[in-house]
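Chains as they are written, first to last, in the working numbering: chain A, 6 to 146; chain B, -9 to 102; chain C, 5 to 816.
Simulated from the structure, these hints should not be mistaken for laboratory data.
Don't take every hint at face value.
[Claimed, not checked] Residues from chain B that face chain A, not an exhaustive set, calculated with beta carbons under 8 angstroms:
| id | residue |
| --- | --- |
| 1 | Leu46 |
| 2 | Thr48 |
| 3 | Ala51 |
| 4 | Leu64 |
| 5 | Val68 |
| 6 | Val79 |
Since the model is a prediction, treat every value here as computed from it, not as a measurement.
No residue lacks a Cβ here, since even glycine has one placed at the ideal position from N, Cα and C.
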Amino acid sequence: MKTNYLMLHTITRIVTFIILSFSIYLFFAGHNSPGGGFIGGLMMASGLILLYLSFDLKTIKRVLPFDYSTLIATGLLIALLTGFNGLLFGDPFLTQYFDYFELPILGEVELTTALPFDLGVFIVVVAITLLIILTIAEDDS
Amino acid sequence: MEILMIVTAGIIISVSTYLLLTRSILRVVFGIVLLSHGVHLLILTMAGLMGGSPPLLTEDASSYTDPLPQALILTAIVISFGVTAFVLVLGYRTYKEHKTDDLDQLRGNGDE
Amino acid sequence: MSMLHFVALAPFIVAIIIPFLYKKFRHIHTGWFVLPVPLLLFIYLIQYLPLGGEAMEIVENTVAWVPSLGINYTVYLDGLSLLFALLITGIGALVVLYSIYYIANKRDEPLNNFYVFLLMFMGAMLGVVLSDNLMVLYVFWEITSLSSSLLIAYWYHKEKSRYGALKSMLITVAGGFAMLAGFALLYVMTGALGSATFSIREIISYADVLKDSPLFLPAMLLILLGAFTKSAQFPFHIWLPDAMEAPTPVSAYLHSATMVKAGIYLVARFTPLFGGEAEWFWIVTGVGLFTMLWGSVSAIRQKDLKSILAFSTISQLGLIMSLLGLGSAALYFDIPNAGSVYSVAILAAIFHLVNHATFKGSLFMVVGIVDHETGTRDIRKLGGLMALMPITFTISLIGIASMAGLPPFNGFLSKEMFFTGTLQSMTLDIFNVQTLGFIFPVVAWIASVFTFIYSMILFFKTFTGKYQPEKLDKEAHEAPMGLLIPPIILASLVVIFGFFPNLLAYTIIDPAMQSILPGLLTEGEQFDVKIYHWHGLNPELFMTIAVVAFGTLIYLNLDRWKETTFFMRERDPLNAFYDNGLDGLVTGSQKVTKLQMTGLLRDYILYMLVFIIGMITWTFIKFNAFQYDFANLTLVPPYLWIVILVIIAASISLPFISHRISSILVLGVIGFLVALLFVIFRAPDLALTQLLIETVMVVLFLLAYIYLPELKKIDVKPRFNIFNLVVSIGMGLVVIVTGISVHAMRNDLDITSISEYFIENSKALGGGYNMVNVILVDFRGMDTLLEVLVLSIAALGVVTMIKLKMKGGEDI
Chain A
6 MKTNYLMLHT ITRIVTFIIL SFSIYLFFAG HNSPGGGFIG GLMMASGLIL
56 LYLSFDLKTI KRVLPFDYST LIATGLLIAL LTGFNGLLFG DPFLTQYFDY
106 FELPILGEVE LTTALPFDLG VFIVVVAITL LIILTIAEDD S
Chain B
-9 MEILMIVTAG IIISVSTYLL LTRSILRVVF GIVLLSHGVH LLILTMAGLM
41 GGSPPLLTED ASSYTDPLPQ ALILTAIVIS FGVTAFVLVL GYRTYKEHKT
91 DDLDQLRGNG DE
Chain C
5 MSMLHFVALA PFIVAIIIPF LYKKFRHIHT GWFVLPVPLL LFIYLIQYLP
55 LGGEAMEIVE NTVAWVPSLG INYTVYLDGL SLLFALLITG IGALVVLYSI
105 YYIANKRDEP LNNFYVFLLM FMGAMLGVVL SDNLMVLYVF WEITSLSSSL
155 LIAYWYHKEK SRYGALKSML ITVAGGFAML AGFALLYVMT GALGSATFSI
205 REIISYADVL KDSPLFLPAM LLILLGAFTK SAQFPFHIWL PDAMEAPTPV
255 SAYLHSATMV KAGIYLVARF TPLFGGEAEW FWIVTGVGLF TMLWGSVSAI
305 RQKDLKSILA FSTISQLGLI MSLLGLGSAA LYFDIPNAGS VYSVAILAAI
355 FHLVNHATFK GSLFMVVGIV DHETGTRDIR KLGGLMALMP ITFTISLIGI
405 ASMAGLPPFN GFLSKEMFFT GTLQSMTLDI FNVQTLGFIF PVVAWIASVF
455 TFIYSMILFF KTFTGKYQPE KLDKEAHEAP MGLLIPPIIL ASLVVIFGFF
505 PNLLAYTIID PAMQSILPGL LTEGEQFDVK IYHWHGLNPE LFMTIAVVAF
555 GTLIYLNLDR WKETTFFMRE RDPLNAFYDN GLDGLVTGSQ KVTKLQMTGL
605 LRDYILYMLV FIIGMITWTF IKFNAFQYDF ANLTLVPPYL WIVILVIIAA
655 SISLPFISHR ISSILVLGVI GFLVALLFVI FRAPDLALTQ LLIETVMVVL
705 FLLAYIYLPE LKKIDVKPRF NIFNLVVSIG MGLVVIVTGI SVHAMRNDLD
755 ITSISEYFIE NSKALGGGYN MVNVILVDFR GMDTLLEVLV LSIAALGVVT
805 MIKLKMKGGE DI
């Protein structure tokens, strides 16, 4: 019997989009209101898991051709390199800086070095969550 | 309220300890998950409950809830997720290799 | 950093280069690269000898190493150090030369190992005798044990070599450890005086005060333990015969001339501190004399030439040790003239130390030659080598005569002085010597008789009698010149010191005596160290004559007792203690391990939990720490009651659910309710994280246990175990009690939380309004970095377990 997943697929398309946008919002909002790398990352991961659950693995692999182990390394590297930033100014490892800049269109914006660090965390969290779940799911032996 | 929370944490830890001591790997994993819940609640309680508004400066309150234990617990939650996933897969692989999840049958030889 | 620091370090530095030289110049025997080291050091050290008869100049130099702990690399060169340093480098040069011809440069002979270990030993031994700092001395001391063990195991494919190496290692290192404890006690004792120090000289300068300390005797005993194990004194001597598995140059160098004398050095070095004490006198003298007797008696039943020499070495070390013990009485100040009488013993000790190094070194080398040229060391196979190996024969004649104490060689002189020392020790009535003192000369005489006998065995069985070529692997012939030169040099020293003993008197013996017995002489004075051959017809001479007479008599009748059990059992009976002890240790620890390592996860967790519960309970009882404060409790809102009751109910039901999916869902419920609690307790970040993690976790659990069909068969039957229940309830109670006490104390003590800092500074320093996030990415960024690292490792572990499946026994 072939099951028709039309409902699920349609809803997933919309919901995933919302979840992913919200996860990016959470990530950027993290410094000033609840959110941040961990939460944003987990949110994005659960959105993607939803995609994987409702469609099948092969389809999504075609859409998202990422190698998650490489992503883990990338994320770690970003976080690590942000840490060396402090050394350039003679401060301890992982010292973070911030300042306010006047940018066109956006107006006054706070830029922090904590953001790329959090981005590293974000990438690592997304990658490991998906890596663990996909590894188990793909195991067919 | 603090006392109630401490007792709750104690009960959760009690149950998780019992689960850790059982023979089934799956239950041991449940025990680990439950144990981390208990410990997180305990840490949160120790720092004092309802001591003020959430630790967001945008609230502009006179007193805030202690942010440090929250940061610690956040880290702990994520780490315990990693640990749980690892132990779960370990148990899963063990089951596939040995066709059992009974820890009593999984014990090694005398000279190992 | 002076030249003297470099003296001890030079061998180590060369040792680093040796492997490269070995690889690079494969056709040249590596020994030639090593030979210059001891030779140059010897020439350098000779300059310090007071050749003109003047008092020796004492050199001292300090390099700070760990000044905060009082550990400095202080070199201190006085008469005693110089004597030993010259022995180490002098004999070292001869041994290296000898080894070049003894160990052939073959393809599979790891010469680089041999010389690296040998240089390591040389440097460490120089370090021992030159350091003034106890900790530095200890480090070098243990390196000598290590390198000795490595050298014994040089032919490690032989089981006996490994056995001997392990044995020497265990015994000497155990002794060294005791010695370290003794040093620590000395440090503590000087610390009690307000100036904790590891410097030997400073400690000696406090000798008078330290004598009253209750730790004085323990320190003395512990240090003696180190000295006795190293110098193979009874009952620790059992390692030395087994150490004979080492190549003969090593036996000649480490196990007769230098390393085993490190214990002698230590006793001599500490005589100014401990000397004059009755315990020191009796222990050192008693152990020394008994070792001498035991060694000489054991030697006569050995069939292996090297074993005879090994037991002979034990016996001679006992002799020197007992002389140091007797001489220590010179520092007992209450008796007039004690100094002059007892210092004879010290004089004899130093003189015999030098003599022993010369004659025993040459004898070991001769035995090595015999072994090398005939292929055996068994006295039952040897015989009649006199005509075949005339030079070897001559050298051994000199060495053996000196060992047996026959005139005119140096051994005779020191043996006479030894008798003098034992006889004179009876004349003074201190330390209860008047009652037991007669034992000294008697034991000394008996031991000398046996020494004479084994010397005769060594000589006659090897060189006289019938030549038995059918029992030998090789055709016996004279050794090449290179093997003969080092023993010839040593044998000529035996003769020279025999005829002109006073060459040594004021150059070496007097400075060494001054450092062993300080304070006996006034400034500028020197000991009366003139050594004479002829003292007239005194008791000592008659004792020697009696030794020769009785020894010959017994030797001639030796065949009569050949079949007795005494002669049949070559191994020292004390070995049983070591062998059984070691076996017992191994099986015992295996039993203990088996007892606790059950292979059951439950047991391991139980050990930890019971320990934790016990520890916390004990702390509570010990400090009476339980407090409670129910005074200002906040009211619990009803919705909180509901949440908590559901959590508790769900938790308690978890162990009873035998259905898999239900338990996973119940666990999920608990997780989401905890997230709800985080919301209630104003932790928005936590609540979000917990919600998301719980979602992911439920998916994970379902995947692992539902998605995969094979796992469906698991059926978990909860096994009720009353003990598990007790432990888990105990754990819960401990948590509750601790929590309540902490809560009560928190109200009492009014602690300001460190969180104030974060609350005040998260905007100013971190530039963010969300304190939790600022703490995570800024203040405690390192924690977060390591956390994601841990997560990554866990993820990689998961991938490894599933993607890289390996069957049992398979390796990457």
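query = Tell me, which hint numbers fail for this structure?
reply = 3
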